[in-house]
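A.B. asks: One-letter residues, chain by chain:
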Amino acid sequence: MARLVAMQPRQASPWASSSSPLLPSSLSEFSGAALSISLQKRRRTWQPKGALQVTASGAKKILIMGGTRFIGVFLSRLLVKEGHQVTLFTRGKAPITQQLPGESDQDYEDFKSKILHLKGDRKDFEFVKTSLAAKGFDVIYDINGREAVEVEPILDALPKLEQFIYCSSAGVYLKSDLLPHFETDAVDPKSRHKGKLETESLLDSRGVNWTSIRPVYIYGPLNYNPVEEWFFHRLKAGRPIPVPNSGVQITQLGHVKDLARAFVMVLGNSKASKQVYNISGSKYVTFDGLARACAKGAGFPEPEIVHYNPKEFDFGKKKAFPFRDQHFFASIEKAQRELGWAPEFGLVEGLADSYNLDFGRGTFRKPADFTTDDMILGKSLVLQS
Amino acid sequence: MAAAVTFAAPALPSLHSSSCSLPPLTHRSLSFVAFTSPTITKLSFHRSSRRFSSAPSTSVFSIKAAAAAADKKRVLVVNTNSGGHAVIGFYFAQQLLSSGHEVTVLTVGDESSDKMKKPPFTRFSELVSAGGKTVWGNPAQVGDIVGTAKFDVVLDNNGKDLDTVKPVADWAISAGVEQFLYISSAGIYKPLDEIPHVEGDLVKDDASHVLVEKYMAGLSFSSWAVFRPQYMIGSGNNKDCEEWFFDRIVRDRPVPIPGSGMQLTNIAHVRDLSSMLSLAVENSAAANGKIFNCVSDRAVTFDGLAKLCAQAAGRELKVIHYDPKAVGIDAKKAFPFRNMHFYAEPRAAKEIMGWTSSTNLPEDLKERFDEYVKIGRDKKPMQFDIDDKILESLKVAVTV
Chain A
1 MARLVAMQPR
11 QASPWASSSS
21 PLLPSSLSEF
31 SGAALSISLQ
41 KRRRTWQPKG
51 ALQVTASGAK
61 KILIMGGTRF
71 IGVFLSRLLV
81 KEGHQVTLFT
91 RGKAPITQQL
101 PGESDQDYED
111 FKSKILHLKG
121 DRKDFEFVKT
131 SLAAKGFDVI
141 YDINGREAVE
151 VEPILDALPK
161 LEQFIYCSSA
171 GVYLKSDLLP
181 HFETDAVDPK
191 SRHKGKLETE
201 SLLDSRGVNW
211 TSIRPVYIYG
221 PLNYNPVEEW
231 FFHRLKAGRP
241 IPVPNSGVQI
251 TQLGHVKDLA
261 RAFVMVLGNS
271 KASKQVYNIS
281 GSKYVTFDGL
291 ARACAKGAGF
301 PEPEIVHYNP
311 KEFDFGKKKA
321 FPFRDQHFFA
331 SIEKAQRELG
341 WAPEFGLVEG
351 LADSYNLDFG
361 RGTFRKPADF
371 TTDDMILGKS
381 LVLQS
Chain B
1 MAAAVTFAAP
11 ALPSLHSSSC
21 SLPPLTHRSL
31 SFVAFTSPTI
41 TKLSFHRSSR
51 RFSSAPSTSV
61 FSIKAAAAAA
71 DKKRVLVVNT
81 NSGGHAVIGF
91 YFAQQLLSSG
101 HEVTVLTVGD
111 ESSDKMKKPP
121 FTRFSELVSA
131 GGKTVWGNPA
141 QVGDIVGTAK
151 FDVVLDNNGK
161 DLDTVKPVAD
171 WAISAGVEQF
181 LYISSAGIYK
191 PLDEIPHVEG
201 DLVKDDASHV
211 LVEKYMAGLS
221 FSSWAVFRPQ
231 YMIGSGNNKD
241 CEEWFFDRIV
251 RDRPVPIPGS
261 GMQLTNIAHV
271 RDLSSMLSLA
281 VENSAAANGK
291 IFNCVSDRAV
301 TFDGLAKLCA
311 QAAGRELKVI
321 HYDPKAVGID
331 AKKAFPFRNM
341 HFYAEPRAAK
351 EIMGWTSSTN
361 LPEDLKERFD
371 EYVKIGRDKK
381 PMQFDIDDKI
391 LESLKVAVTV
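Protein chains in written order, with UniProt numbering: chain A, 1 to 385; chain B, 1 to 400.
One thing to keep in mind: the hints can contain errors.
[To be verified] Chain A is nowhere near these chain B residues, computed Cβ spacing over 10 Å in every case:
1. Arg74
2. Gly137
3. Asp205
4. Met262
5. Ile375
[Unchecked claim] Listed next, the in silico DSSO-like pairs over lysine-lysine satisfying Cα-Cα at most 27 Å (straight line):
6. A:Lys175 - A:Lys160
7. B:Lys366 - A:Lys175
8. B:Lys118 - B:Lys333
9. B:Lys118 - B:Lys239
10. B:Lys118 - B:Lys332
11. B:Lys395 - A:Lys311
12. A:Lys379 - B:Lys325
13. B:Lys290 - A:Lys175
14. A:Lys296 - B:Lys190
15. B:Lys133 - A:Lys271
16. A:Lys175 - B:Lys307
17. A:Lys311 - B:Lys318
18. B:Lys333 - A:Lys175
19. A:Lys190 - A:Lys114
20. B:Lys204 - A:Lys296
21. A:Lys274 - B:Lys350
22. B:Lys350 - A:Lys190
23. B:Lys374 - A:Lys334
24. B:Lys204 - A:Lys311
25. B:Lys239 - A:Lys311
26. A:Lys334 - B:Lys395
27. B:Lys190 - B:Lys290
Read the hints as simulated data drawn from the structure, not as lab findings. Beta carbons: idealized from backbone N, C-alpha and C, even for Gly.
Taking the hints into account, I'd like the entire structure generated from these sequences.
C.D. replies: Have a look at this one:
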C-alpha cells in the first residue's frame with residue numbers, strides 16, 4: 001500500500017517563518033526548498049521497486065522517546081510532513097505540541113491534528129514494555145535516553161523493530177591531542193556520557209538495526225541548554241563576555257534543524273545500518289569567535305571580551321561558561337559522504353535564526369544570572385586599579 | 001584507464017582490517033598508494049584501522065603494473081632548492097617513478113651549490129636509480145634547460161610569486177603541457193574566527209601566491225590545480241619541524257611554547273602531499289580548476305605536538321608557556337610554527353578525488369625520532385640562545 005507524500009519544491013518548511021520580517025526570506029525559501037529536494041532524493045533511492053519487496057509502504061509507525069522540548073519538536077514535524085505516523089512518548093509535563101515562532105496557524109493545526117501521544121514514564125520499564133508491545137512500532141527515535149537499561153524494555157517490546165535511531169553524543173569521545181574526532185576514534189568509557197556509550201553497545205549486541213547520531217553542541221530556537229542564550233543575555237544587557245583562559249579554545253555548534261534533517265535522512269537508509277554519525281556544523285569556532293558570532297547573528301555591536309583564570313575563582317555549583325574548557329569538535333564528513341547530508345546553517349545565520357525565532361522575541365529558558373560574571377569582573381576591576 | 005598501481009595493504013583478502021600505515025621508508029623501495037581510478041580509490045585504507053594501529057603493518061604486498069603507454073605521464077617538477085617545501089618534489093617524483101611515470105626534476109640553482117648538501121638533494125641519486133632525471137638551472141630558462149623534451153604535466157614547487165612562476169607557466173603553455181600543478185600555501189588564507197581553512201575561503205589580498213593562482217587559472221591548460229600545504233614531516237625534509245622539539249627533549253631542556261599552547265596546526269607526513277599530487281595527475285579531469293588544501297586531516301595543538309614528540313622519544317616533557325611580546329622576542333624566530341590557529345582541512349581532495357590521509361603522527365614521529373638518533377643529532381652540541389633568553393626572563397632554571 002504505497003503512500004507517497006506530495007512534495008512541492010517550494011513547500012514551506014516547518015520553520016520557514018514567512019511571516020517574520022526579521023528572517024531573510026531567501027533563507028527560509030532555501031531551507032524549504034533544500035529540505036524538499038533532499039527528502040525527495042532520499043525517497044527515490046529507498047522507494048522499493050517490484051512486488052518482491054516486503055514493505056511497499058513508505059509510511060512508518062514511529063515512536064519518539066521524548067519529542068516535546070527541542071530536537072523532537074523539529075524532527076516530529078519533518079516526519080509528520082513526510083507522511084509517517086508519529087507518536088511522542090512523554091510524561092506529559094510539557095505540552096505535547098506548541099506552535100513554533102513563525103509557524104503558520106494552518107501548519108500548526110495540521111501537525112497538531114496528526115501527532116499522537118503516549119503518556120508514560122520511560123523509567124517505568126514494565127509500562128514501557130507492555131505499552132510499546134501493545135501498540136507496535138516500526139521505528140524508534142530515542143532522543144532523550146541516557147542509560148542502556150532504559151532501552152532494554154523497548155527492544156524487548158518490539159522484536160520486529162525495523163530501526164532504532166539513537167541520539168548519542170560526541171561527548172563520548174576520549175579527549176585527544178589530535179582533532180577533529182572521527183567516528184572511529186577512541187571513546188571514553190569513564191566520560192560523563194558513558195550511558196550513551198553503553199546504550200550504543202547494547203544496541204549493537206542485541207542485533208537490532210540501529211543508527212547512532214553523535215551531535216556536538218546543539219543550538220537553535222527552543223534550546224533548553226543555555227548555549228547561545230548565555231551569550232544573548234550578556235549582549236542584551238550590554239555586559240562584557242567573560243571567557244575562561246585564552247579564548248582560543250575551539251568548539252563546534254550544530255543547528256537543531258540540520259540535526260533533525262540528519263535524523264530523517266537515516267530513516268530507512270540501509271547505509272546507516274549499525275553506523276555512528278557525527279552531526280554538527282561545517283566549521284568550528286573559538287570561544288572568542290563565538291561571542292562575536294552571537295553578536296553578529298543577533299545584531300549587537302562587537303562585544304567586550306574579558307579573559308580570566310577559572311582556577312582563581314570558586315564558583316560553587318554555578319557554571320561560569322557554557323562550554324567545556326578544552327578543544328572539542330568532530331568531523332561530519334562521514335555523514336556528508338554516506339548520507340548526502342550537509343548542514344544548511346552557517347554559524348552566524350544559525351545564530352540569527354535562533355535569535356530571531358526565540359531570544360529576540362523575548363523568550364528564553366533560563367533567566368539571566370550574572371553572579372559568576374560579577375565575581376570575575378569585580379576581580380578584574382580590582383586588578384586594574 | 002589502467003595505469004601503474006602500487007598497493008600497500010594489510011594481509012589479503014580484507015582490505016579493511018589491521019594497520020594501514022605505510023612501511024617505513026627505506027633507502028630504495030618506497031611503496032606508496034597510487035590511486036589510478038575512482039574504483040581503486042575505494043579500496044583505500046579503512047580509517048579505523050589506521051587510528052587504532054599500534055604497530056606498523058608488516059605484511060605488505062605490492063602489485064606493480066607497468067603503465068600502459070597511453071597512460072604514462074611525462075612529468076617535470078620544478079623544485080625549490082631550500083625550505084620546507086623542497087621535500088615535496090622529492091616524494092612526488094619518487095611516487096610517480098614507482099608508478100611507472102617519467103620524471104624530470106629541475107632544481108633551482110647549481111648542482112654544485114652548498115644547498116645541495118642538505119636533504120632531500122642528498123638523496124637525488126635515488127631518483128636517478130629509479131629512472132628519473134635530475135637537472136639544475138634557472139626556472140626562468142626552463143625551455144632552454146629541457147630543450148625538446150616533451151612533458152604532459154608540470155609541477156611548480158618553487159615560486160612564491162608571479163615573477164618566478166610566470167616564465168614556467170608561459171613556457172608550459174607554449175610547449176603543449178596539458179596539466180599544470182602549483183604548490184601554493186595555506187598561509188594565504190585570511191585568519192578568521194571560524195576554523196578550519198576550507199577551499200574557497202577568503203585569502204589575503206596581498207599574498208603573492210594568489211596572483212600566481214589567478215594567473216594559472218587564466219591560461220589555457222587542459223587541467224590546472226593549486227595545492228596549499230602547511231607543515232610537513234618526513235625523511236628528507238630540508239627544514240626542521242619535529243627536530244625543534246627533539247633537540248630540546250633529548251637534552252632535557254624545557255620546551256618553550258608561545259601563548260597558551262592550544263594553538264592548532266596541521267602537520268602532515270609528506271607522503272600525504274605526494275599522494276594527493278599523484279592523485280591529481282591520475283585524475284586530471286576531476287582535479288581541473290580546483291584548489292586543494294594539501295594537508296593531513298587532523299589538527300594538533302602545539303602542546304599536543306610537544307607531547308607526541310616526547311612520547312616518540314620516550315622521554316619526559318617540560319613545557320614552558322610564554323608571551324613573546326612580554327619577553328621581547330620575535331615568535332617567528334623562537335618557534336617553528338606561526339603563533340596562531342593555523343589549520344586547514346583537505347576537504348576538496350577527499351570529496352573530489354576520494355583521497356585519504358595516511359598521516360599517523362604518533363607512529364610517524366617514532367620513525368622520525370629513530371632517524372634523528374641514527375644520524376647522531378641527539379649528540380650534536382647545540383646553542384639555545386633564544387630559549388635561554390625566554391627562560392631567563394621567566395626566571396626558569398635550566399640544569400644542563
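A.B. asks: State for each hint whether it applies.
C.D. replies: Consistency of the hints with the structure:
| no. | hint | verdict |
| --- | --- | --- |
| 1 | Arg74 | holds, 34 Å |
| 2 | Gly137 | holds, 41 Å |
| 3 | Asp205 | holds, 21 Å |
| 4 | Met262 | violated, 5 Å |
| 5 | Ile375 | holds, 27 Å |
| 6 | A:Lys175 - A:Lys160 | violated, 37 Å |
| 7 | B:Lys366 - A:Lys175 | holds, 21 Å |
| 8 | B:Lys118 - B:Lys333 | holds, 21 Å |
| 9 | B:Lys118 - B:Lys239 | holds, 10 Å |
| 10 | B:Lys118 - B:Lys332 | holds, 23 Å |
| 11 | B:Lys395 - A:Lys311 | holds, 23 Å |
| 12 | A:Lys379 - B:Lys325 | holds, 24 Å |
| 13 | B:Lys290 - A:Lys175 | violated, 34 Å |
| 14 | A:Lys296 - B:Lys190 | holds, 19 Å |
| 15 | B:Lys133 - A:Lys271 | violated, 48 Å |
| 16 | A:Lys175 - B:Lys307 | holds, 14 Å |
| 17 | A:Lys311 - B:Lys318 | holds, 21 Å |
| 18 | B:Lys333 - A:Lys175 | violated, 31 Å |
| 19 | A:Lys190 - A:Lys114 | violated, 41 Å |
| 20 | B:Lys204 - A:Lys296 | holds, 22 Å |
| 21 | A:Lys274 - B:Lys350 | holds, 23 Å |
| 22 | B:Lys350 - A:Lys190 | violated, 33 Å |
| 23 | B:Lys374 - A:Lys334 | violated, 40 Å |
| 24 | B:Lys204 - A:Lys311 | violated, 38 Å |
| 25 | B:Lys239 - A:Lys311 | violated, 39 Å |
| 26 | A:Lys334 - B:Lys395 | violated, 49 Å |
| 27 | B:Lys190 - B:Lys290 | holds, 19 Å |
In the structure shown, a violation is registered for the earlier hints numbered 4, 6, 13, 15, 18, 19, 22, 23, 24, 25, 26, in ascending order.
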